[in-house]
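For the record, the sequence lines run as chains A and B. For the first sequence, the numbering used here gives the first residue as 90, with consecutive numbering after it. For the second sequence, the numbering used here gives the first residue as 249, with consecutive numbering after it.
Accuracy of the hints is not assured; some may be wrong.
Claimed, not checked - Simulated DEER-style distance windows between Cβ atoms:
hint: 1; chain 1: A; residue 1: Arg223; chain 2: B; residue 2: Gly289; range: 45 to 51 Å
hint: 2; chain 1: A; residue 1: Ile264; chain 2: B; residue 2: Pro631; range: 33 to 39 Å
hint: 3; chain 1: A; residue 1: Ser191; chain 2: B; residue 2: Asp519; range: 31 to 37 Å
hint: 4; chain 1: A; residue 1: Ile264; chain 2: B; residue 2: Leu253; range: 34 to 40 Å
hint: 5; chain 1: B; residue 1: Ile673; chain 2: A; residue 2: Pro108; range: 39 to 45 Å
hint: 6; chain 1: A; residue 1: Asn146; chain 2: B; residue 2: Arg516; range: 31 to 37 Å
hint: 7; chain 1: B; residue 1: Ala572; chain 2: A; residue 2: Leu227; range: 37 to 43 Å
hint: 8; chain 1: A; residue 1: Ser191; chain 2: B; residue 2: Ile581; range: 29 to 35 Å
hint: 9; chain 1: A; residue 1: Asp272; chain 2: B; residue 2: Ile673; range: 44 to 50 Å
hint: 10; chain 1: A; residue 1: Asp272; chain 2: B; residue 2: Gly484; range: 38 to 44 Å
hint: 11; chain 1: A; residue 1: Trp225; chain 2: B; residue 2: Leu253; range: 38 to 44 Å
hint: 12; chain 1: A; residue 1: Gly151; chain 2: B; residue 2: Leu609; range: 39 to 45 Å
If you're looking for bench data, these hints aren't it; they were derived computationally from the structure. Since the structure is predicted, the reported quantities are computational estimates derived from the model, not experimental observations. Every residue, glycine too, gets a C-beta built ideally from N, C-alpha and C.
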Amino acid sequence: MESLSDGDSDVGLGAYGKPQPFGLHHVTAWMNAVGTLLIFVLLVITNLDVAGRDLLNRPLRGTTELMSVGIVVVVFLQLPNTLWAGRFPRADFLIEYVNKRSPRLAAGMQCVFHLVGAIMLTVLCAAIWPELFRAWELGDFFGAMNDFAIPLWPVRLVMLVGSACCALTFLFLAIADLRRVSDPVRS
Amino acid sequence: MTPVLTGVLSLIAMVVLIFTGLHIAVALLLLSFIGVFLIRGHFDPALAMLAQAASDTIQSHDFGVVPLFVLMGLLVSNAQLGSDLFDVANRICRKIAGGLGIATVFANAVFAGITGISIASAAVFTKVAVPEMLRCRYTPEFATGCVAGSSVLGMLIPPSLLMIIYAFLAERSVGEMFLAGVAPGILLATLFSGGIYLMAKFRPAAVQEVSFKPQVAPMNFIEAAVKLAPVLAMVGLVIGGIYAGFFTATEAGAVGALAALFIALARRRLDRQIFWQVLVETGRITVSVLFLIIAANLYSRMLALSALPQGIVSWMTAAEFGMAGFLAMYLLIVIFLGCFIDSVSIMLIVLPLLLPVAKSLNIDLVWFGVITVIAVEIGLLTPPFGLSVYTVRSTLADDRISLLTIFRGSAPFVGMMLLTVLILIIFPGICQPFN
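Using the sequences plus the hints, can you model the full thing?
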């Protein structure tokens, strides 16, 4: 699955874009691929809807609803692999400056940042969990009851799994950073 | 601790953490979460707000506009449309001083009508325009500066990723923001061209090492029309379709992306592998932007709880700051942040805090958006972190041309952008020529 990440010519500093324990990067690459396909599916159904409505006067039912929840699914499916590839936006001028003078200190800083990320994504999981529970218990759905209703629990489940994988990716990045602190040359 | 003080402290901590290098989305989530916890005194409201931000913020048809326009921009970058535009522009401008530079601006302005991300413009025209300019003995500084500078048109002339994000934050329609960028974009392109002409006239040595007019292959009107047709058709389809009311901005993105896909396929510029890479890159950009929007949503909820924006308003009223003072402060903050942080992040950090202030001063939010986008884009060209300059450098991969050279070459364009902001402040009507 490494070929999936060929588009990332610049994988950034240190621990990004490297194999992770338990093959987590393979798992997230597959999730990313599903999200990528989903973007294409959203493109196709939106065009079918527009063409059906403007040309045949028959819009595709549920397009708006699918796009609304689809975009959430895409984001959380692709979140962990985007982090793994080092593509979370950040200001890295300071850390690059430090890295030139002391790679160990830079790796240490990265380790702290990634740990904070792991904690925050875990908190996010804790926030989403009740939402998933509620959506399952109450049978929440998105859209109009008599027209096109999408059950929300699968969406919340993807959000939970995506956030959890992202928290793990952060954690493994932090562990890789820690190795570089003790031995900056080897890795 | 009062809520306002909590808001101020979390804001300061956030800026410090972002500057040390914490991922921006994480910094926004962390400090907003802590802020809400401190203001309300419990974890439960903070968790509930986080859950709402994650579940509700982007669960809307409108956000489909982000991946679709990004995909369209990346596809047209692969379809060789940029080099066709440059050929035609080059033919038109061949007899003017600094002609290749003006042709680059012209081609960029038209290309901006089919792409919404400046890095795409910068990458395309680095490959197309820089080698030709160097061949004609233009100085590397001018050639690269010209490409980096005119790439900012990509996110001012619709479609535009920055306008889309501003529209979400200011609760305006994406179509309305797109329309507002047209005239200022043309103004900026005109100023760029004029500036290049003046540089070529009065400081020719800085533009071209030896005066040398390029040999341009003859091109009749029909050939030029054939080269321009796909681009103009796409501009008409996408931008025209939004205004004619044929489709929403999201649908326009989908139709435009499909059209771009067909053009790239028809020109045999796309195989399965490249298409997959384009789709993956679309996902990368979409995810980083939309996750930031989720984080920024929690942040604006925290700000609302802290009543910090109202605090700023009353402080500014007491200090008799006025609109001019506010604008000056705002532009300084945005341009300063632009030296270090990427465009999208700046908007998501600054706007939740200062949009309420702009509203209370009765500033027209559409006009404010145009000013914001230009000011934010100055950051694409300013050191140490100027994304367009970095893109030109990495696309060129020529060791003889350093980042410093490109930053120096971009400096005149920064000047012309500041001038444009000033003109728009004096003549705000330029943003809404159709009203």
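Okay, the hints, checked on the actual structure:
1. At about 24 Å, the CB distance of A:Arg223 to B:Gly289 disagrees with the hint of 45 to 51 Å.
2. A C-beta distance of roughly 34 Å is found between A:Ile264 and B:Pro631, which places it inside the suggested range of 33 to 39 Å.
3. Separated by about 44 Å at the C-beta atoms, A:Ser191 and B:Asp519 break the suggested range of 31 to 37 Å.
4. Distance hint check: the CB atoms of A:Ile264 and B:Leu253 are about 38 Å apart, consistent with the given range 34 to 40 Å.
5. For B:Ile673 and A:Pro108, the Cβ-Cβ distance of about 53 Å falls outside the hinted range of 39 to 45 Å, so the restraint is violated.
6. Checked against the given bound of 31 to 37 Å, the beta carbons of A:Asn146 and B:Arg516, roughly 36 Å apart, stay inside it.
7. Restraint check, B:Ala572 to A:Leu227: a C-beta distance of roughly 53 Å breaks the suggested window 37 to 43 Å.
8. Under the hint 29 to 35 Å, the C-beta atoms of A:Ser191 and B:Ile581, about 32 Å apart, fit the expected range.
9. Distance hint check: the CB atoms of A:Asp272 and B:Ile673 are about 56 Å apart, inconsistent with the given range 44 to 50 Å.
10. In this structure the hint that A:Asp272 and B:Gly484 lie 38 to 44 Å apart at CB is violated, the actual value being about 59 Å.
11. Checked against the given bound of 38 to 44 Å, the beta carbons of A:Trp225 and B:Leu253, roughly 41 Å apart, stay inside it.
12. Between A:Gly151 and B:Leu609 the Cβ separation comes to about 43 Å, which falls inside the hinted range of 39 to 45 Å.
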